[in-house]
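Enquirer: What follows is the residue order along each chain.
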Amino acid sequence: MQVPILKQGPYLIASIQSALSDADLMQLRDALVRKVSTFRSRGVIVDVTVLDVMDSFASRTLNDLVHMIRLRGADTVIVGIQPEVAFAMVQLGLTMEGVATALDLEEGLEFLDQKLKHKGTGPRDG
Amino acid sequence: MRKNTEQSMARSSSMTPGSGHLLSELVSHLRENSVMLREEWARRITEAELLMAMSQEEIFAEATSVYDNYVEALETGTLEALQAYARNLSERIIPRGVETHEVVGIVLLLRDVLARSLFAKYQGDFDKLNRILDAYEPAANRIAITVAVGFVEQRERTIREQQEAIRELSTPVLQVRERLLILPIIGLIDPHRARQLTEQLLRGIRTNRAKVVVIDITGVAAMDSHVANHLVLTVEASRLLGATVIVTGLSPEISQTLVNIGVDLSKMNTVGDLQGGIEEAERLLGYRVVSIRDAVAAQPG
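From first to last, the protein sequence lines are chains A and B.
Counting in the numbering used here, the first sequence tops out at residue 127, every number present.
Counting in the numbering used here, the second sequence tops out at residue 393, every number present.
No lab work stands behind these hints: they were computed from the structure.
Treat each hint with caution, since some may be false.
Unchecked claim - One side only, chain B facing chain A, incomplete, derived with CB under 10 Å:
#1 Glu124
#2 Thr290
#3 Leu293
#4 Ala302
#5 Leu325
#6 Ser330
#7 Ala390
On a predicted model such as this, the values are computed, not experimentally measured, just so you know.
A virtual CB, placed ideally from N, CA and C, is assigned to each residue, including glycine.
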């Protein structure tokens, strides 16, 4: 199951549609990291609303993804983690240190806009 | 436990052969004299100052139906109808403050009233009186136990329901400003309550789209390391939902616990008191609270 990656202004939005296998996750990571430079994106949003399980591999892959994208000059925010999933994750010690999270897509976009404003470039002008 | 008593009672009543026709004689005696006996019973209830929460008419109405159910239970030897009636009666009278001793008292009074009438009727024939009482007593005792147990069970159920309600109420998640929730916690936190608290908070964050949450634990005197750990997990889980948690009002004992279990305190956002916490939350949300007088004074013209 491939994850569609949508370009929205200076941002990329990866909206996960169903449960993902480990291979799918790695593919998503590689595709996002590649497309960030293709589109010269400033921010990335990964929407995990539909996921009702988040195992250690998934959170590690997302963690790696965030840090790789940061190295390529963009910010990432994970949005839509379900309450039950969030609590299960912290119980397993998967706290995603240093990864920005937001409630949903709207919040994620706002977060990235704020971030861009701080950097001095106006939001969504690229 | 109750089943056992019932079974053993059932056995003891069916054990004495020949008690059948004595019981039916007894029942017809009670039916014939029902009006007189019921009045006598109601009078003795009033005399003993039982059921003071109910009016005279109510007592008489209840006495009538209890009496009929009682005689029927004696006749058929089955307790289902009486049990159902006892449950129903308890439901009605518990909220009015009727106590266990009153319920047990009135049932025992009825037992006494009926026994007295038997004494009066068979006073000439001591042997027959003996046999009638042999048949009557186990059945009457069984009925008394059924009613008393039914009442106590209903009471326990009421208490359980109230406990559940109190637990629900004990962890309110309140929205005080757009995107700002507060969660005041008062009293002891046991693992069950801690779990419920987390659930309600995380759900509250989602439904209210909260960005900042202030958890005020001024009213919590102490917590064990398990609950403290749970609190830390809740803070982290909230962060995954995109909300910042500020914990306020940590008592010296709780601070000690948190330090002892080695929580990474850089992850915990703590402020001294609730006011400070709300001010910090407003700052994070970009609000600035200004007194109207100052605002007017600052306006030119």
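Enquirer: Compare the structure with each hint and give your call.
Expert: Tested hints:
1. Residue-level restraint check for B/Glu124 is violated (minimum Cβ-Cβ distance to chain A is 68 Å; threshold 10 Å).
2. The beta carbon of B/Thr290 comes within 6 Å of a beta carbon in chain A, closer than 10 Å, and the hint placing it at the interface holds.
3. For the restraint placing B/Leu293 at the interface with chain A, the shortest Cβ-Cβ distance is roughly 9 Å, inside the 10 Å limit, so the hint holds.
4. Hint status for B/Ala302: holds, given a least beta-carbon distance of 8 Å to chain A, under 10 Å.
5. The interface hint given for B/Leu325 is met, as the beta carbon of that residue sits about 5 Å from the closest beta carbon of chain A, less than 10 Å.
6. Nearest Cβ of chain A to the Cβ of B/Ser330: about 8 Å, under the 10 Å cut. The hint holds.
7. A cut of 10 Å between beta carbons decides the hint on B/Ala390: the least distance to chain A is about 26 Å, and the hint is violated.
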